[in-house]
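From first to last, the protein sequence lines are chains A, B, C and D.
For the first sequence, my numbering assigns the number 66 to the initial residue and increments by one for each residue that follows.
For the second sequence, my numbering assigns the number 66 to the initial residue and increments by one for each residue that follows.
For the third sequence, my numbering assigns the number 66 to the initial residue and increments by one for each residue that follows.
For the fourth sequence, my numbering assigns the number 66 to the initial residue and increments by one for each residue that follows.
No lab work stands behind these hints, which were simulated from the structure alone.
Take these hints with a grain of salt, some might be off.
Copies of the same chain are indistinguishable here, so a pair counts whether it falls within one copy or spans any two.
[As the list claims (entries may be wrong)] Result set (DMTMM-like, lysine to aspartate or glutamate): computed pairs, CA atoms no more than 20 Å apart in a straight line:
hint : residue 1 : residue 2
1    : K86       : D301
2    : K81       : D102
3    : K86       : D102
4    : K86       : E119
5    : K317      : E178
6    : K317      : D301
7    : K81       : E119
8    : K81       : E121
9    : K86       : D144
10   : K214      : D291
11   : K317      : D106
12   : K86       : E182
13   : K86       : E198
14   : K214      : E249
On a predicted model such as this, the values are computed, not experimentally measured, just so you know.
There are 4 protein chains.
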Amino acid sequence: MASPTAILLVSCPDQKGLVAKLANFIYANGGNILHADQHRDPEAGLFLSRIEWELEGFNLPREIIGPAFQAIAQPLGADWQLHFSATVPRLSIWVSHQDHCLLDLLWRHRAGELQAEMPLVISNHNHLRPIAEQFGIDFHHLPVTKDNKPLQEAQQLQLLRDYRIDLVVLAKYMQVLSPQFLQEFSPVINIHHSFLPAFMGANPYQRAYQRGVKIIGATAHYVTSDLDEGPIIEQDVVRISHRDDVQELIRKGKDVERMVLARAVRLHVQNRALVYGNRTVVFA
Amino acid sequence: MASPTAILLVSCPDQKGLVAKLANFIYANGGNILHADQHRDPEAGLFLSRIEWELEGFNLPREIIGPAFQAIAQPLGADWQLHFSATVPRLSIWVSHQDHCLLDLLWRHRAGELQAEMPLVISNHNHLRPIAEQFGIDFHHLPVTKDNKPLQEAQQLQLLRDYRIDLVVLAKYMQVLSPQFLQEFSPVINIHHSFLPAFMGANPYQRAYQRGVKIIGATAHYVTSDLDEGPIIEQDVVRISHRDDVQELIRKGKDVERMVLARAVRLHVQNRALVYGNRTVVFA
Amino acid sequence: MASPTAILLVSCPDQKGLVAKLANFIYANGGNILHADQHRDPEAGLFLSRIEWELEGFNLPREIIGPAFQAIAQPLGADWQLHFSATVPRLSIWVSHQDHCLLDLLWRHRAGELQAEMPLVISNHNHLRPIAEQFGIDFHHLPVTKDNKPLQEAQQLQLLRDYRIDLVVLAKYMQVLSPQFLQEFSPVINIHHSFLPAFMGANPYQRAYQRGVKIIGATAHYVTSDLDEGPIIEQDVVRISHRDDVQELIRKGKDVERMVLARAVRLHVQNRALVYGNRTVVFA
Amino acid sequence: MASPTAILLVSCPDQKGLVAKLANFIYANGGNILHADQHRDPEAGLFLSRIEWELEGFNLPREIIGPAFQAIAQPLGADWQLHFSATVPRLSIWVSHQDHCLLDLLWRHRAGELQAEMPLVISNHNHLRPIAEQFGIDFHHLPVTKDNKPLQEAQQLQLLRDYRIDLVVLAKYMQVLSPQFLQEFSPVINIHHSFLPAFMGANPYQRAYQRGVKIIGATAHYVTSDLDEGPIIEQDVVRISHRDDVQELIRKGKDVERMVLARAVRLHVQNRALVYGNRTVVFA
Numbered sequence: 066m067a068s069p070t071a072i073l074l075v076s077c078p079d080q081k082g083l084v085a086k087l088a089n090f091i092y093a094n095g096g097n098i099l100h101a102d103q104h105r106d107p108e109a110g111l112f113l114s115r116i117e118w119e120l121e122g123f124n125l126p127r128e129i130i131g132p133a134f135q136a137i138a139q140p141l142g143a144d145w146q147l148h149f150s151a152t153v154p155r156l157s158i159w160v161s162h163q164d165h166c167l168l169d170l171l172w173r174h175r176a177g178e179l180q181a182e183m184p185l186v187i188s189n190h191n192h193l194r195p196i197a198e199q200f201g202i203d204f205h206h207l208p209v210t211k212d213n214k215p216l217q218e219a220q221q222l223q224l225l226r227d228y229r230i231d232l233v234v235l236a237k238y239m240q241v242l243s244p245q246f247l248q249e250f251s252p253v254i255n256i257h258h259s260f261l262p263a264f265m266g267a268n269p270y271q272r273a274y275q276r277g278v279k280i281i282g283a284t285a286h287y288v289t290s291d292l293d294e295g296p297i298i299e300q301d302v303v304r305i306s307h308r309d310d311v312q313e314l315i316r317k318g319k320d321v322e323r324m325v326l327a328r329a330v331r332l333h334v335q336n337r338a339l340v341y342g343n344r345t346v347v348f349a
Numbered sequence: 066m067a068s069p070t071a072i073l074l075v076s077c078p079d080q081k082g083l084v085a086k087l088a089n090f091i092y093a094n095g096g097n098i099l100h101a102d103q104h105r106d107p108e109a110g111l112f113l114s115r116i117e118w119e120l121e122g123f124n125l126p127r128e129i130i131g132p133a134f135q136a137i138a139q140p141l142g143a144d145w146q147l148h149f150s151a152t153v154p155r156l157s158i159w160v161s162h163q164d165h166c167l168l169d170l171l172w173r174h175r176a177g178e179l180q181a182e183m184p185l186v187i188s189n190h191n192h193l194r195p196i197a198e199q200f201g202i203d204f205h206h207l208p209v210t211k212d213n214k215p216l217q218e219a220q221q222l223q224l225l226r227d228y229r230i231d232l233v234v235l236a237k238y239m240q241v242l243s244p245q246f247l248q249e250f251s252p253v254i255n256i257h258h259s260f261l262p263a264f265m266g267a268n269p270y271q272r273a274y275q276r277g278v279k280i281i282g283a284t285a286h287y288v289t290s291d292l293d294e295g296p297i298i299e300q301d302v303v304r305i306s307h308r309d310d311v312q313e314l315i316r317k318g319k320d321v322e323r324m325v326l327a328r329a330v331r332l333h334v335q336n337r338a339l340v341y342g343n344r345t346v347v348f349a
Numbered sequence: 066m067a068s069p070t071a072i073l074l075v076s077c078p079d080q081k082g083l084v085a086k087l088a089n090f091i092y093a094n095g096g097n098i099l100h101a102d103q104h105r106d107p108e109a110g111l112f113l114s115r116i117e118w119e120l121e122g123f124n125l126p127r128e129i130i131g132p133a134f135q136a137i138a139q140p141l142g143a144d145w146q147l148h149f150s151a152t153v154p155r156l157s158i159w160v161s162h163q164d165h166c167l168l169d170l171l172w173r174h175r176a177g178e179l180q181a182e183m184p185l186v187i188s189n190h191n192h193l194r195p196i197a198e199q200f201g202i203d204f205h206h207l208p209v210t211k212d213n214k215p216l217q218e219a220q221q222l223q224l225l226r227d228y229r230i231d232l233v234v235l236a237k238y239m240q241v242l243s244p245q246f247l248q249e250f251s252p253v254i255n256i257h258h259s260f261l262p263a264f265m266g267a268n269p270y271q272r273a274y275q276r277g278v279k280i281i282g283a284t285a286h287y288v289t290s291d292l293d294e295g296p297i298i299e300q301d302v303v304r305i306s307h308r309d310d311v312q313e314l315i316r317k318g319k320d321v322e323r324m325v326l327a328r329a330v331r332l333h334v335q336n337r338a339l340v341y342g343n344r345t346v347v348f349a
Numbered sequence: 066m067a068s069p070t071a072i073l074l075v076s077c078p079d080q081k082g083l084v085a086k087l088a089n090f091i092y093a094n095g096g097n098i099l100h101a102d103q104h105r106d107p108e109a110g111l112f113l114s115r116i117e118w119e120l121e122g123f124n125l126p127r128e129i130i131g132p133a134f135q136a137i138a139q140p141l142g143a144d145w146q147l148h149f150s151a152t153v154p155r156l157s158i159w160v161s162h163q164d165h166c167l168l169d170l171l172w173r174h175r176a177g178e179l180q181a182e183m184p185l186v187i188s189n190h191n192h193l194r195p196i197a198e199q200f201g202i203d204f205h206h207l208p209v210t211k212d213n214k215p216l217q218e219a220q221q222l223q224l225l226r227d228y229r230i231d232l233v234v235l236a237k238y239m240q241v242l243s244p245q246f247l248q249e250f251s252p253v254i255n256i257h258h259s260f261l262p263a264f265m266g267a268n269p270y271q272r273a274y275q276r277g278v279k280i281i282g283a284t285a286h287y288v289t290s291d292l293d294e295g296p297i298i299e300q301d302v303v304r305i306s307h308r309d310d311v312q313e314l315i316r317k318g319k320d321v322e323r324m325v326l327a328r329a330v331r332l333h334v335q336n337r338a339l340v341y342g343n344r345t346v347v348f349a
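Looking at chain A on its own, in the form it has when it is part of the complex (with noise of 0.2 Å):
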């Protein structure tokens, strides 16, 4: 529906005149701004944007855009990505036993929410394989063990380039994926059924209930080596009481950590999620 747009995604160190040299770029090309959003850490010493404008009317072609904004990006020592609208990314999306991520990303894809592909279901198990196919989409079943976890490890990094995957969703995959891992392939994002940093690590909601906490939540986050450490992307929560045993925390929580998962999609695949040190600047 709408005509196809460029995104650029920069930060840099901050001085003055940033918001200008960027807006210039674009107005002496011939392209009209459709977003521009701004963000400056003083503590950091960072500017962050994201830029998105119409390539209708641009007068430089695709090809040309990266080169020509290094020329303005090298002297003020910027780093940026470039993205197009019509460019869609490929997702591939992990799990282990429970489907409502997987679902929930399935429909919303199908809904229209989510410009992206997604071809490609890995799981360690297999009980989630009618769902993919339900859908139309190739699974492979990957059991992962101590001994063998390498091996496949190495496999699913062969699929990931065989089904040119741009973003990897732990949908409730499971498993830590190693660092050797994560040096091959990233982003990648996870769903951690908690609050973070509460109750890192495993069986959250046995340690919320036991905790006797009022409010349970779940956390979507970029992966990195340590694991539920990386920079979150979003989060959100739910009121629980005395009444909510264990089983009831985890039914309150699949309906939160669903939606807070594919929000955190949305926003990647709409290049709004911008990683700097452990933190991310959402351009919402």
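Model the placement of chains B, C and D on the given structure of chain A, informed by the hints.
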């Protein structure tokens, strides 16, 4: 603590190059942009922006900034406001019987949350006078009846002039302002004790109870001559249950009212709420 | 997993000894109360209660419990309902174009969150048939026009009888049920895509956008012959901003709609929602 | 306004007939139950209940109710507390530098929201004295150092005895109470400025900022000798964004802190929070 800044609020017909033109105006004169936020409303064909920059190092003297910007704004057909962080707005708080919004605003002011002066409280009743006096604020008692309303509004307008008031905050002031008054003075912010447009008019908590809603709310809006119909700045809600009678709704609602009003006043004072049509853009 | 239980929902004029009389009825017959919840509405002079107890070890056979309790209820002037957890209610879901509420209910049912049978989907359009069939549920297409409405409602009622339906769930069914229909069949739960009583009737998201609200919501209620005026079971909201156009409101609203409807259906199925006057007590 | 009531809080090993036995005790003595709430924790094998009834028309004099109920409680192995609405608890509020929780509690007290007496403020600093005096409350300045802590705690305990204090509220009192103190006096309610168990200990807002969370919170809990580990009464959260620096987290957090603490104190004062193990049942 912060160095003095200037803030431009701009709205104009959407066209190419607006971000660049605004940013260049500031950059060309040596300014350092701290915050820049834009919004496009495609349906209305409007571009709206808030830009804040440091005056330190800016080459234009304050009194020249407006005329200089007008040279840019006129060909764009732009409406604009120029504010300086050093020019603290002067607020008058109007109340009737209930003290919770008044106290909350005075306390936040004392805590440094509201960069404003609050020299004048006006009430149609006398019994909140001690609170105003306790905070060292002038209190004027202007009882309003059907007969004396025009006279009293003239008095109120005179007080607003005498105290050089920039913003009137109706903090549970239970009188309707006449269209004549609103022609003479604006802006006025009101807190309505319902989740508008539900329960417009009188006795919203009683009607919420009668309707059996499960959530109640409050709405802060700019006052127009259409009662409870002005542009909404902020809303929030709180969950209730069948155990809550009207008294409990009032008690729970008071917390929402004071939070919502305080946020709206803060947004206004920071020049973050921009009205267009019957809506607001909130650059938060 | 749980052992079978019986549930009494009681409402009667308030008077001394009601808790004791209800509890004694169960205790005297050897029952173990699992949950007991009461509410008094002093204004209405009503006492309302929900009591759930284990049938294991209860001395009265199921068919005798009702008559035995009636001997206690009659002198109290009590209305009461008796439910058995083993008697699973049969639901018919009605839809038009949108699939999100239908899918959510079917999926929760499959996940074991809704102790109900769902044998029948009715729609005035044909295109959600594949979803029903995918879950192995009968789908009946009954297009409704102004002319054929009485005829189609007769058909619908016949289907409800044929399938022995206990509850109709309007999961975004965009037709109004006639008073005649509602006299023949109840209860019916509807999801309305606004925070009632705001935006009753058609196109609530468009009207919410026009009004410039900062929060939107959804409401699940029992259907009465007054459109959107029936007793509210559950409501919830989501925050929006000026960046959200009508399409975004619809997208965000869909998540609230399906959550709110699912919670309301679950409360009904667990016999936790008790109507009195135009209100509900929700024993959650 | 309300007629005087009695409240029983009971916890005992779960067994048949408990609701009946409690209700009969009140009914047999002519009492009218206003509220009855129960909870069973199957894992702990516990039954917990709160019953409130009108004393008007109740046949037992107040001083006999306890002994009479003990005859029922003993064979059940029940722990119980008996409270009278007419016996208003006496609170001591303890503060350090920040005034927002203190002001909020004093103001709610004055508004009639807290049925309690508040005769005593204790602080390790002197500068909130004017607030206490403004509300006509005694203020005692007891500076605490590592060396004088045992001495000052002895003074504090003496003050609690002198003022016949029933509950200590740590309203941002930035000192840890010793285990010896807690053996001498309880209960104590604390407000912790994080969403426990996240960010236990010092500087939670700084650490929340460093971690890059998207939501912050506050927790009111009973104080035990394990710092920040006591039974949680109430929690709430507020959404933040990358634009919020530590100062903004502190500002937004203050609103959550005072709401959460006020709700927790109100629940305690109304005898609605019942501790068992390291958890609370909140009969709200």
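Hints versus structure:
| no. | hint | verdict |
| --- | --- | --- |
| 1 | K86 to D301 | neither (37 Å within a copy, 39 Å between copies) |
| 2 | K81 to D102 | both (16 Å within a copy, 17 Å between copies) |
| 3 | K86 to D102 | both (14 Å within a copy, 16 Å between copies) |
| 4 | K86 to E119 | both (18 Å within a copy, 18 Å between copies) |
| 5 | K317 to E178 | between (23 Å within a copy, 10 Å between copies) |
| 6 | K317 to D301 | both (12 Å within a copy, 15 Å between copies) |
| 7 | K81 to E119 | between (26 Å within a copy, 10 Å between copies) |
| 8 | K81 to E121 | between (30 Å within a copy, 12 Å between copies) |
| 9 | K86 to D144 | within (15 Å within a copy, 24 Å between copies) |
| 10 | K214 to D291 | within (18 Å within a copy, 41 Å between copies) |
| 11 | K317 to D106 | between (36 Å within a copy, 19 Å between copies) |
| 12 | K86 to E182 | neither (34 Å within a copy, 38 Å between copies) |
| 13 | K86 to E198 | neither (49 Å within a copy, 53 Å between copies) |
| 14 | K214 to E249 | within (15 Å within a copy, 56 Å between copies) |
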